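2 protein chains.
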Amino acid sequence: MLRNFLVRSASSHLKFGERYVKSSAFLGCYKRRVNYYSTKVQSRLTSQNYPNIHRDPRFKRLTSDDLNYFKSILSEQEILQANELEDLSFYNEDWMRKYKGQSKLVLKPKSVEKVSLILNYCNDEKIAVVPQGGNTGLVGGSVPIFDELILSLANLNKIRNFDPVSGILKCDAGVILENANNYVMEQNYMFPLDLGAKGSCHVGGVVATNAGGLRLLRYGSLHGSVLGLEVVMPNGQIVNSMHSMRKDNTGYDLKQLFIGSEGTIGIITGVSILTVPKPKAFNVSYLSVESFEDVQKVFVRARQELSEILSAFEFMDSRSQTLAKSQLKDAAFPLESDHPFYILIETSGSNKDHDDSKLETFLEKVMEEGIVTDGVVAQDETELQNLWKWREMIPEASQANGGVYKYDVSLPLKDLYSLVEATNNKLSEAGLIGESPKPVVGAIGYGHVGDGNLHLNVAVREYSKDIENALEPFVYEFVSSKHGSVSAEHGLGFQKKNYIGYSKSSEEIKMIKDLKAHYDPNAILNPYKYV
Amino acid sequence: MLRNFLVRSASSHLKFGERYVKSSAFLGCYKRRVNYYSTKVQSRLTSQNYPNIHRDPRFKRLTSDDLNYFKSILSEQEILQANELEDLSFYNEDWMRKYKGQSKLVLKPKSVEKVSLILNYCNDEKIAVVPQGGNTGLVGGSVPIFDELILSLANLNKIRNFDPVSGILKCDAGVILENANNYVMEQNYMFPLDLGAKGSCHVGGVVATNAGGLRLLRYGSLHGSVLGLEVVMPNGQIVNSMHSMRKDNTGYDLKQLFIGSEGTIGIITGVSILTVPKPKAFNVSYLSVESFEDVQKVFVRARQELSEILSAFEFMDSRSQTLAKSQLKDAAFPLESDHPFYILIETSGSNKDHDDSKLETFLEKVMEEGIVTDGVVAQDETELQNLWKWREMIPEASQANGGVYKYDVSLPLKDLYSLVEATNNKLSEAGLIGESPKPVVGAIGYGHVGDGNLHLNVAVREYSKDIENALEPFVYEFVSSKHGSVSAEHGLGFQKKNYIGYSKSSEEIKMIKDLKAHYDPNAILNPYKYV
Numbered sequence: 001m002l003r004n005f006l007v008r009s010a011s012s013h014l015k016f017g018e019r020y021v022k023s024s025a026f027l028g029c030y031k032r033r034v035n036y037y038s039t040k041v042q043s044r045l046t047s048q049n050y051p052n053i054h055r056d057p058r059f060k061r062l063t064s065d066d067l068n069y070f071k072s073i074l075s076e077q078e079i080l081q082a083n084e085l086e087d088l089s090f091y092n093e094d095w096m097r098k099y100k101g102q103s104k105l106v107l108k109p110k111s112v113e114k115v116s117l118i119l120n121y122c123n124d125e126k127i128a129v130v131p132q133g134g135n136t137g138l139v140g141g142s143v144p145i146f147d148e149l150i151l152s153l154a155n156l157n158k159i160r161n162f163d164p165v166s167g168i169l170k171c172d173a174g175v176i177l178e179n180a181n182n183y184v185m186e187q188n189y190m191f192p193l194d195l196g197a198k199g200s201c202h203v204g205g206v207v208a209t210n211a212g213g214l215r216l217l218r219y220g221s222l223h224g225s226v227l228g229l230e231v232v233m234p235n236g237q238i239v240n241s242m243h244s245m246r247k248d249n250t251g252y253d254l255k256q257l258f259i260g261s262e263g264t265i266g267i268i269t270g271v272s273i274l275t276v277p278k279p280k281a282f283n284v285s286y287l288s289v290e291s292f293e294d295v296q297k298v299f300v301r302a303r304q305e306l307s308e309i310l311s312a313f314e315f316m317d318s319r320s321q322t323l324a325k326s327q328l329k330d331a332a333f334p335l336e337s338d339h340p341f342y343i344l345i346e347t348s349g350s351n352k353d354h355d356d357s358k359l360e361t362f363l364e365k366v367m368e369e370g371i372v373t374d375g376v377v378a379q380d381e382t383e384l385q386n387l388w389k390w391r392e393m394i395p396e397a398s399q400a401n402g403g404v405y406k407y408d409v410s411l412p413l414k415d416l417y418s419l420v421e422a423t424n425n426k427l428s429e430a431g432l433i434g435e436s437p438k439p440v441v442g443a444i445g446y447g448h449v450g451d452g453n454l455h456l457n458v459a460v461r462e463y464s465k466d467i468e469n470a471l472e473p474f475v476y477e478f479v480s481s482k483h484g485s486v487s488a489e490h491g492l493g494f495q496k497k498n499y500i501g502y503s504k505s506s507e508e509i510k511m512i513k514d515l516k517a518h519y520d521p522n523a524i525l526n527p528y529k530y531v
Numbered sequence: 001m002l003r004n005f006l007v008r009s010a011s012s013h014l015k016f017g018e019r020y021v022k023s024s025a026f027l028g029c030y031k032r033r034v035n036y037y038s039t040k041v042q043s044r045l046t047s048q049n050y051p052n053i054h055r056d057p058r059f060k061r062l063t064s065d066d067l068n069y070f071k072s073i074l075s076e077q078e079i080l081q082a083n084e085l086e087d088l089s090f091y092n093e094d095w096m097r098k099y100k101g102q103s104k105l106v107l108k109p110k111s112v113e114k115v116s117l118i119l120n121y122c123n124d125e126k127i128a129v130v131p132q133g134g135n136t137g138l139v140g141g142s143v144p145i146f147d148e149l150i151l152s153l154a155n156l157n158k159i160r161n162f163d164p165v166s167g168i169l170k171c172d173a174g175v176i177l178e179n180a181n182n183y184v185m186e187q188n189y190m191f192p193l194d195l196g197a198k199g200s201c202h203v204g205g206v207v208a209t210n211a212g213g214l215r216l217l218r219y220g221s222l223h224g225s226v227l228g229l230e231v232v233m234p235n236g237q238i239v240n241s242m243h244s245m246r247k248d249n250t251g252y253d254l255k256q257l258f259i260g261s262e263g264t265i266g267i268i269t270g271v272s273i274l275t276v277p278k279p280k281a282f283n284v285s286y287l288s289v290e291s292f293e294d295v296q297k298v299f300v301r302a303r304q305e306l307s308e309i310l311s312a313f314e315f316m317d318s319r320s321q322t323l324a325k326s327q328l329k330d331a332a333f334p335l336e337s338d339h340p341f342y343i344l345i346e347t348s349g350s351n352k353d354h355d356d357s358k359l360e361t362f363l364e365k366v367m368e369e370g371i372v373t374d375g376v377v378a379q380d381e382t383e384l385q386n387l388w389k390w391r392e393m394i395p396e397a398s399q400a401n402g403g404v405y406k407y408d409v410s411l412p413l414k415d416l417y418s419l420v421e422a423t424n425n426k427l428s429e430a431g432l433i434g435e436s437p438k439p440v441v442g443a444i445g446y447g448h449v450g451d452g453n454l455h456l457n458v459a460v461r462e463y464s465k466d467i468e469n470a471l472e473p474f475v476y477e478f479v480s481s482k483h484g485s486v487s488a489e490h491g492l493g494f495q496k497k498n499y500i501g502y503s504k505s506s507e508e509i510k511m512i513k514d515l516k517a518h519y520d521p522n523a524i525l526n527p528y529k530y531v
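Protein sequences appear in the order of chains Y and W.
Letter by letter, the first sequence follows residues 1 to 531 in the working numbering.
Letter by letter, the second sequence follows residues 1 to 531 in the working numbering.
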C-alpha cells in the first residue's frame with residue numbers, strides 16, 4: 001500500500017503521474033463480490049412480522065391439479081417442491097433475511113415458451129407469481145409474502161449474441177451480471193453497470209429493478225443503455241422487442257415501462273444492451289476530508305479536472321469505515337489516522353499518461369486548497385482492489401452485528417449527509433442506540449455522491465418493531481421534505497410499497513396504479529408490493 | 001483553412017498537436033442554424049396529395065361557440081385566426097413544404113393551466129388538436145392534415161430553474177433549444193443534444209420527438225438525460241413529474257412514454273433535463289476515404305484512439321459534398337480533390353493538450369495504415385466552423401433544386417451505405433434520375449455513423465407521386481430486410497404512419513395502439529399520424 005501523500009504534496013514538484021500512479025492498465029474484475037446471507041437467521045415469517053398484510057383471497061391456493069399441469073410442461077429439474085427433502089428457504093428468504101415467504105413451489109423454466117405457458121396458466125387460474133432473479137434485492141421485492149409461486153429465471157442463462165463492432169449484447173434474463181461482464185470484457189467491451197452483487201444478480205433482475213450501481217455516473221442509467229427487451233406479459237403473451245439499434249423512433253418506447261417495474265407488469269426474459277468500450281487505464285484514489293461540505297467541494301473539483309475520465313465518486317463516513325475495519329481485519333487501513341469523511345475516486349480512460357496527469361493536477365489542487373487532508377493513490381492492481389474493498393465491504397460490515405435497515409435515497413447534494421445525522425439523533429432520542437443490549441449499533445452513511453444517492457444503513461443487533469417505528473416514516477418524511485426520492489436505486493418492493501407517496505404525486509401514483517391494472521388485471525404478478 | 005496533411009504525414013516526426021491542432025479552447029455556438037423554408041412553394045394541400053386519407057367524421061368542425069370559449073380563456077395575443085389579415089401558412093406548412101394543412105385556428109397559450117383548459121374543452125367537444133413546437137419536424141408530424149386546431153407551445157418559453165451544482169435545467173417546453181443551450185453554457189454546462197434546427201426547434205419538441213442529433217454518440221439519448229416532464233393529458237389533466245434526480249426508482253418511469261410520443265398521448269409543457277459539463281476543448285478534423293468499408297475502419301480506430309473524447313463521427317458521400325459546394329459558393333472546399341467519402345470527426349474534452357495528442361496518434365495511425373487518404377484539422381474556431389458547414393449544409397443543399405425526400409434510418413454499420421446505392425439504382429431503373437427535366441437529381445447519403453444512423457436524402461426538382469412510388473415502400477422494405485429502423489430519429493409523423501410495421505412486430509404495434517387508445521380515447525391528439 002502506498003504511503004500517504006500529504007507530506008510529499010508539500011513539494012510543488014510532486015509527480016503523481018510518474019512516481020505514484022502506477023496501477024496496471026486493465027482491471028476487469030477487481031471488485032469483489034459482496035453478497036452473502038445474514039448470519040442472523042430470520043425465523044419469523046413476513047406475514048407474522050406484518051400482521052396487517054393479509055393474503056389476497058382472490059388468489060387460488062395451489063392444488064394437485066396445478067402441480068400436475070406444471071409437471072406436464074416442465075421437466076423434473078425445472079420444478080422444486082417443498083417437502084422433507086427440499087427446503088425452499090433459499091428462494092423464500094431475501095439475502096438480508098429480513099423477509100421470509102411461504103412458497104411451496106419454485107419453477108425454473110428453461111425456455112421463454114415455458115415462462116409463457118406458466119404465466120398463461122397462472123393468469124387463468126389466478127395463481128399469484130413472484131418473478132425471481134438472483135434474489136439479491138434489498139427491499140423484499142423478489143421473495144413471496146405468502147404462498148405465491150416463485151418463478152425463477154436462473155435457468156434462462158444463455159448469451160444469445162454479441163456484436164463486437166457495435167458492442168451490443170443480447171442475452172437471457174438469467175445470465176449472472178458478472179458472467180455477462182466477463183464475456184464482453186474478453187472482446188474489449190464492458191457492461192455499463194457494476195454493483196456489489198454482480199456475482200449473484202441477474203442481468204434481467206438489474207433491468208427489472210433499474211439498478212444503478214457504480215458506473216452510472218459515467219455511463220448513465222439503464223433507460224439509456226438498454227436497447228431492447230423480451231418480456232412475457234401476465235397473460236403469457238411473449239413480446240419480442242429485442243432490438244439492437246441505438247436510435248429507433250417508431251412508436252412509444254414500451255420497453256422503458258418494464259425497466260424498473262420490479263416484475264409487476266411482465267417478466268423480462270431477454271435483454272439487448274449497449275455495452276461500452278473497455279477502458280484501458282484505471283486509477284483509484286482514497287482521500288480524507290474533514291466535513292461533508294468538503295466532500296462536495298472535492299466533487300466539484302473532480303468534475304472540473306477529471307471530467308470525461310471520472311468514473312466513480314463515492315463517499316464513506318467515519319463510522320462506515322470503522323465497521324469495515326472490523327471486517328477487514330487483515331488489511332491495513334489506507335490512511336494513518338481517522339477522519340470524519342473519506343472519498344474514493346476512480347478514473348477510467350484510454351490513455352494512462354493523460355489520466356495520471358489529470359489526476360495529478362486534480363490532487364495537487366485539492367491538496368493545495370486544503371480541502372483534502374490526506375490520501376493515497378493505488379500503485380498497482382492489488383492496491384486498487386484493496387482501496388475498493390473499503391467501500392465495498394460496507395454493506396456486509398453493516399449487518400455483521402446481526403442485521404441492517406437499509407435506506408437508499410436521492411437527495412440534493414447539500415442535504416445528502418444531514419439525513420444520517422438526523423437519523424442518529426432520532427435513534428438516540430428513542431434510547432435505541434448504544435452498546436449492547438441497546439439494539440442499534442448506529443446509522444452510517446455512504447454512497448454515490450455523483451448521482452445524489454445516499455445509502456443510509458442502520459446497523460442493528462436485531463430487527464425490531466421499535467427500531468422500525470423510529471425509522472419509518474421518519475426517514476421518508478425527511479427525504480420528502482427535501483424533494484428527494486425514497487428509492488434511488490433499490491426500488492420499492494415490499495419495504496416501500498406504502499411510501500411511494502413521499503416521492504410521487506397523487507396523479508403520478510394514480511397513473512402507475514392504472515397501468516398496473518391495465519397490464520395485469522388479475523394482479524397475479526408480484527402482489528403485495530410496489531404500488 | 002489548413003493545407004492538407006497527407007504529404008506531411010509521411011514524416012514520422014509529424015506533430016499534429018503542436019503544429020496543426022490549434023483550434024480555440026471553447027466553441028459554444030459554432031454550428032450554424034440550418035432551418036429555412038423551401039424555395040418551392042407547396043400549393044397543394046396534403047388532403048389533395050393523399051386523397052385516400054379522409055377527415056375523421058368523429059371530429060367536430062369549429063363553431064363560433066368554440067371560438068367564443070377560447071376567447072373567454074385566452075387573451076387576444078394567444079389566438080390566431082385565419083382571415084383576410086392573418087395567413088396561417090407558417091403553422092399549416094412544414095419547413096420542407098411537403099405537407100400543407102387547413103387549420104383555421106392557432107392557439108398560443110401562455111400558461112400550462114391554459115393548455116389544460118384548451119385540451120379539456122377539445123376533449124369534451126371532440127375537437128382534433130395538433131401540438132406544435134418549432135415546426136422543424138421532417139415527417140409532417142407538427143402540421144395539421146385537415147382542419148385540426150393548432151396548439152403552439154411558443155408562448156411557454158421561460159427557463160424555470162438551473163442548478164449549477166448538479167447541472168439540472170428545468171424549463172418550459174417552448175424554450176428554443178439554442179436559447180436553452182446558451183443559458184447553460186454561461187454556467188459552464190452544455191445541453192446534451194444539438195441539431196441543425198437548434199435556432200428554431202423547442203426543447204419540448206425535441207423531447208416529444210426524441211430527437212437524436214449530433215451529440216448522441218457521446219451523451220446518449222433523451223431517455224437517459226431527461227429527468228422529469230410536465231405533461232397535459234388529452235383530458236386536460238396536468239401531470240407534474242418535474243423531478244430533478246438522477247436516480248428515482250419509485251414506480252413505472254411514466255415520463256419515458258412521452259419521450260418520442262410525438263404529441264399523441266399528451267402535450268409536454270415542461271422539461272427537467274441533466275445537462276453536461278461544457279467541454280474545455282474542441283477539435284474537428286475533415287478526412288477523405290476511398291470506400292465505405294474504410295469509413296467503418298476509421299470509425300473502429302476512432303473509438304479505440306479517441307475513446308472518451310470522441311463526440312461526433314459523421315460521414316458524407318461525394319454527391320452530398322457536391323451539392324454542398326453549390327450552396328457554399330464562397331467557401332473553399334477543405335481538400336484539394338474529390339473523393340468517394342468524407343468523414344468529420346469532432347473531439348471534445350477537458351484538456352486541450354491531451355486531446356491534441358490523442359487526435360495526433362489517431363491520425364498518424366489511419367494515415368500510416370493508408371485508410372485515410374487526405375484530411376485537414378481545424379486550427380482555430382473559424383476553421384472549425386467552416387469544416388462543420390460541409391456537414392451541416394447538406395439538408396439545405398439537398399432541397400435547393402426544389403425539394404427533397406428525406407429518409408432517416410438505422411441500419412447495421414456494414415449495410416449503412418448500401419441503401420443509398422440501392423436507391424440510386426432503383427431511381428435509375430425507373431428512369432427518374434438525371435439532368436432536368438428528369439425529376440430526381442440524385443440520392444445522397446450522410447449521417448451519424450457512430451449511432452448506425454443514415455440520412456438518405458433524395459434531391460428532387462419537384463415532388464411527384466412517381467418518385468414517391470419508386471421510393472416507398474422500397475426504402476422501408478430494404479431497411480426491414482436488414483433489421484433496421486425506418487425512423488432512427490425523425491419519428492413517424494404523417495410520412496411513416498403506415499410503415500411502422502417494417503420496424504415493429506404486430507405485438508408491439510398492438511401494444512402501441514392500445515396505449516394510444518388508453519390515454520386518448522377520443523383520439524383528439526395529433527390524428528392521422530404516428531400509429
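There could be a bad hint or two in this list.
The list makes no distinction among identical chains, and a pair is therefore deemed to hold if it is satisfied within one copy or across any two copies.
Claimed, not checked - Lysine-lysine pairs mimicking DSBU-like chemistry, simulated, CA-CA at most 30 angstroms apart:
#, residue 1, residue 2
1, Lys110, Lys325
2, Lys170, Lys329
3, Lys365, Lys516
4, Lys158, Lys414
5, Lys297, Lys352
6, Lys325, Lys516
7, Lys126, Lys365
8, Lys414, Lys365
9, Lys426, Lys406
10, Lys126, Lys438
Hints in this document: simulated from the structure, not taken from any laboratory.
Fair warning: this is a prediction, and the values are worked out from it, not measured in the lab.
### Status of Lys365 relative to Lys126 across identical chains (alpha carbons, at most 30 angstroms)
The answer is neither: 63 angstroms in one copy and 64 angstroms across copies each exceed 30 angstroms.
### Task
Go through the copies and call it for Lys297 and Lys352: within, between, both or neither, with a Cα cutoff of 30 angstroms.
So Lys297 and Lys352 pass the 30 angstroms test inside a copy (25 angstroms) and across (24 angstroms) alike.
### Query
Within a copy, between copies, both or neither: where do Lys325 and Lys516 come within 30 angstroms Cα-Cα?
neither (45 angstroms within a copy, 56 angstroms between copies)
### Query
30 angstroms Cα cut-off: does Lys426 pair with Lys406 within a copy, between copies, both or neither?
within (16 angstroms within a copy, 63 angstroms between copies)
### Alpha-carbon proximity context of Lys110 and Lys325, limit 30 angstroms
neither (43 angstroms within a copy, 59 angstroms between copies)
### Task
Measure nothing new, just compare the shortest in-copy and cross-copy C-alpha distances for Lys158 and Lys414 to 30 angstroms and report within, between, both or neither.
between (44 angstroms within a copy, 26 angstroms between copies)
### Task
Check Lys365 against Lys516 for me: Cα-Cα at most 30 angstroms, and say if that holds within a copy, between copies, both or neither.
neither (51 angstroms within a copy, 54 angstroms between copies)
### Alpha-carbon proximity context of Lys126 and Lys438, limit 30 angstroms
neither (45 angstroms within a copy, 66 angstroms between copies)
### Message
Checking an output row: Lys414 and Lys365, CA cutoff 30 angstroms. Within, between, both or neither?
### Response
Within one copy, since 22 angstroms is at most 30 angstroms while 47 angstroms is not.
### Query
Can you tell me if Lys170 and Lys329 fall within 30 angstroms by alpha carbon in one copy, between copies, both or neither?
neither (41 angstroms within a copy, 48 angstroms between copies)
In the structure shown, a violation is registered for the earlier hints numbered 1, 2, 3, 6, 7, 10, in ascending order.
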